[in-house]
Amino acid sequence: MNSVIQVSDLVKTYKNVNAVKGINFDVKEGEIFGFLGPNGAGKSTTINMICTMLPPTSGSVVINGYDVHKQKDEVRGSIGIIFQENTLDEKLTANENLRLHCRFYNVPKEKRHSRIQEVLQIVDLVDVQNKRVEEFSGGMKRRLEIARGLLHYPKVLFLDEPTVGLDPNTRAHLWKYILKLKEQEGITMFLTTHYLDEAEVSDRIAIMDQGEIIAMDSPTVLKDELGGDLIELSTEDNDQAIEEIQEKVTGADVTVSGDTIHLKVESSDAFISDFIKTLDIPITKLNIRKPTLNDVFLAYTGRNIQTSEG
Amino acid sequence: MEGIMAIWQRDLIKFFRDRARLFGSFTMPILFLLIFGGGLSGTMETMMTQNIDVGEDFNYVQFVFPGIVSMTLLMTSVFSAMSVIEDKDFGYMKEILVSPISRVSIAVGKMAGAATVSTIQGIMLFALIPLLGLSYDFMSLIQVIPFMFLLGAALSGIGLLFASVINSTQGFQLIVNIIVLPMVFLSGALFPISGMPGWLDVVVKLNPVTYGVDVMKKIMIDIDQLSMTVRETMGLNLTLFGRQVTVFEEILFILAFTVIVIAIATFSFKRANA
Numbered sequence: 444m445n446s447v448i449q450v451s452d453l454v455k456t457y458k459n460v461n462a463v464k465g466i467n468f469d470v471k472e473g474e475i476f477g478f479l480g481p482n483g484a485g486k487s488t489t490i491n492m493i494c495t496m497l498p499p500t501s502g503s504v505v506i507n508g509y510d511v512h513k514q515k516d517e518v519r520g521s522i523g524i525i526f527q528e529n530t531l532d533e534k535l536t537a538n539e540n541l542r543l544h545c546r547f548y549n550v551p552k553e554k555r556h557s558r559i560q561e562v563l564q565i566v567d568l569v570d571v572q573n574k575r576v577e578e579f580s581g582g583m584k585r586r587l588e589i590a591r592g593l594l595h596y597p598k599v600l601f602l603d604e605p606t607v608g609l610d611p612n613t614r615a616h617l618w619k620y621i622l623k624l625k626e627q628e629g630i631t632m633f634l635t636t637h638y639l640d641e642a643e644v645s646d647r648i649a650i651m652d653q654g655e656i657i658a659m660d661s662p663t664v665l666k667d668e669l670g671g672d673l674i675e676l677s678t679e680d681n682d683q684a685i686e687e688i689q690e691k692v693t694g695a696d697v698t699v700s701g702d703t704i705h706l707k708v709e710s711s712d713a714f715i716s717d718f719i720k721t722l723d724i725p726i727t728k729l730n731i732r733k734p735t736l737n738d739v740f741l742a743y744t745g746r747n748i749q750t751s752e753g
Numbered sequence: 072m073e074g075i076m077a078i079w080q081r082d083l084i085k086f087f088r089d090r091a092r093l094f095g096s097f098t099m100p101i102l103f104l105l106i107f108g109g110g111l112s113g114t115m116e117t118m119m120t121q122n123i124d125v126g127e128d129f130n131y132v133q134f135v136f137p138g139i140v141s142m143t144l145l146m147t148s149v150f151s152a153m154s155v156i157e158d159k160d161f162g163y164m165k166e167i168l169v170s171p172i173s174r175v176s177i178a179v180g181k182m183a184g185a186a187t188v189s190t191i192q193g194i195m196l197f198a199l200i201p202l203l204g205l206s207y208d209f210m211s212l213i214q215v216i217p218f219m220f221l222l223g224a225a226l227s228g229i230g231l232l233f234a235s236v237i238n239s240t241q242g243f244q245l246i247v248n249i250i251v252l253p254m255v256f257l258s259g260a261l262f263p264i265s266g267m268p269g270w271l272d273v274v275v276k277l278n279p280v281t282y283g284v285d286v287m288k289k290i291m292i293d294i295d296q297l298s299m300t301v302r303e304t305m306g307l308n309l310t311l312f313g314r315q316v317t318v319f320e321e322i323l324f325i326l327a328f329t330v331i332v333i334a335i336a337t338f339s340f341k342r343a344n345a
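Protein chains in written order, with my numbering: chain L, 444 to 753; chain R, 72 to 345.
If you're looking for bench data, these hints aren't it; they were derived computationally from the structure. Please note: incorrect hints may appear among the correct ones.
Not close to chain L: a few residues of chain R, all C-beta gaps over 12 Å, as computed [claimed, not checked]:
no., residue
1, L168
2, Q241
3, I331
Okay, derived cross-link-like pairs now, DSBU-like style, lysine-lysine, Cα gap no bigger than 35 Å in a straight line [claimed, not checked]:
no., chain 1, residue 1, chain 2, residue 2
4, L, K574, L, K666
5, L, K666, L, K598
6, L, K707, L, K733
7, R, K165, L, K554
8, L, K552, R, K289
9, R, K85, L, K464
Where is the CB? At the ideal position from N, CA and C, for every residue including glycine.
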């Protein structure tokens, strides 16, 4: 498959800070590429460089065959961006917002009407298109922004925290639309999110930390690399439980966070029945699960994505 | 071109939709017309004609009306540039900046929007002409409209420059008020600016509004019909470096000013992009 985005040796240096330290990656046509990292990892800086908003210190980004630094207008015409914050004109109607976008992106006059109706249909906003955006709910605004991002048939759609600030129900709903889009239009998506369960839909994920990409693969491979199962338990006296575990149990990685003890083992099936018998302290809570992306993130960055904010 | 039109049209739609702004922007010039045209006209006429006998021809309201139209142009066009700050605040500027529109189109579009809005307001003031007991030649009113647009564009450029360096609407309003009022008072809009002390005269001659007001008056008031003394009294003999400036030179100056301001505004949009 062809690469739609090629990033090579991309560097951004501010005065004394190396925000991005020479990263390389490709995004293939039609894939959902998840771009994760704690705040301050250089994620936003990277995205801004890819979207022509920030000139790189060195290195290059090529999107759809155009150089981001030298052919800004061609690149801008090839990408659609859904920003983290609202960028709709709320005093205008949904339809007016879309019409303006068509004109900014030089969509041919005779195609404007049909395109607008087409994208409104995808996000189910046909009936409210003549209402002012200020009357819309948060979820409707987001959907309208996604529709707007599609109007000029971009090669790549950038989704920067598309569901931030929405309630779980609306989030699930929105993802339905986004995935429908991928199926119907085969559009390439570049996604950043703090909700790691949402990143599961990605075909590939890159994790960035301290200006470097520290892991890049499909979610399944990343999780499998961690290996084994995770056992989380709480007991009546954790300190004593840990002592006992260290004394009697072999073949498990033990970590503690809060009042939960985490054990990483190769296979929980063989391990768990023996383990429970060896422990004298009564167990108050027990949970066995496969690793999630959050565990992957934790393993690579040493931080939990939700708690690394700010 | 399409991009300029889109930005221009958006600002117009928003102007007509914002009733408070539409109404509010009108009260100020009408207030000034009432105060200067009604209440103060007798006083002003006596003050201005103290030492000379100008006969019957002199009418202060006729003198001040083009000035108040210019003042409206100045206020509306400069304040229209505040939409740039609002667009930054509400995120819409991002939508514009990531699109393939050229940066000069953004500047020109914003300027055209402000110039159109202020010209419309100026024209609406024409409706008050009969009520004030004035009469201007219909043709000269038509002739002055394109110039009002140009002046509006030039002055909105001043607003754009401030908008590019100030990031809050409150700050913008404060600074612009500090700048705009002296620009009105030192332009000859409300009273003649001949016979100012030297240092103030320099400010007057640097003020682009001075030339705008002068052209407005020269087009609207049929000056060829007026006697030299009346022209002198109205301050219509603007001189620069010891010679009288012509309308043509003044328009050229305002045009050049507009182009320079567009260039600076374009540069600032390029930087905002980076």
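Now for the hints, and whether the structure bears them out:
A beta-carbon of chain L is positioned within 12 Å of the beta-carbon of L168 (chain R); the least distance is around 7 Å. Listed as outside the interface, Q241 (chain R) is consistent with that label: its C-beta sits roughly 20 Å from the nearest C-beta of chain L, beyond the 12 Å cut-off. Once the 12 Å rule is applied to beta carbons, I331 (chain R) is consistent with being away from chain L; the minimum gap is 25 Å. Our distance criterion of 35 Å between C-alpha atoms is broken by K574 (chain L) and K666 (chain L), whose separation comes to about 45 Å.
In summary, the hint linking K666 (chain L) to K598 (chain L) is supported, as the alpha carbons are separated by about 29 Å, within the 35 Å threshold. Proximity of K707 (chain L) to K733 (chain L) is assessed by CA-CA distance (about 10 Å); at most 35 Å being required, the pair is judged to hold. The hinted pair formed by K165 (chain R) and K554 (chain L) meets the criterion: a straight-line CA distance of about 25 Å does not exceed 35 Å. At roughly 44 Å between alpha-carbon atoms, K552 (chain L) and K289 (chain R) are farther apart than 35 Å, so this suggested pair is violated.
A threshold of 35 Å between alpha carbons decides the hint, and for K85 (chain R) with K464 (chain L) the separation of about 44 Å lies outside it, so the pair is violated.
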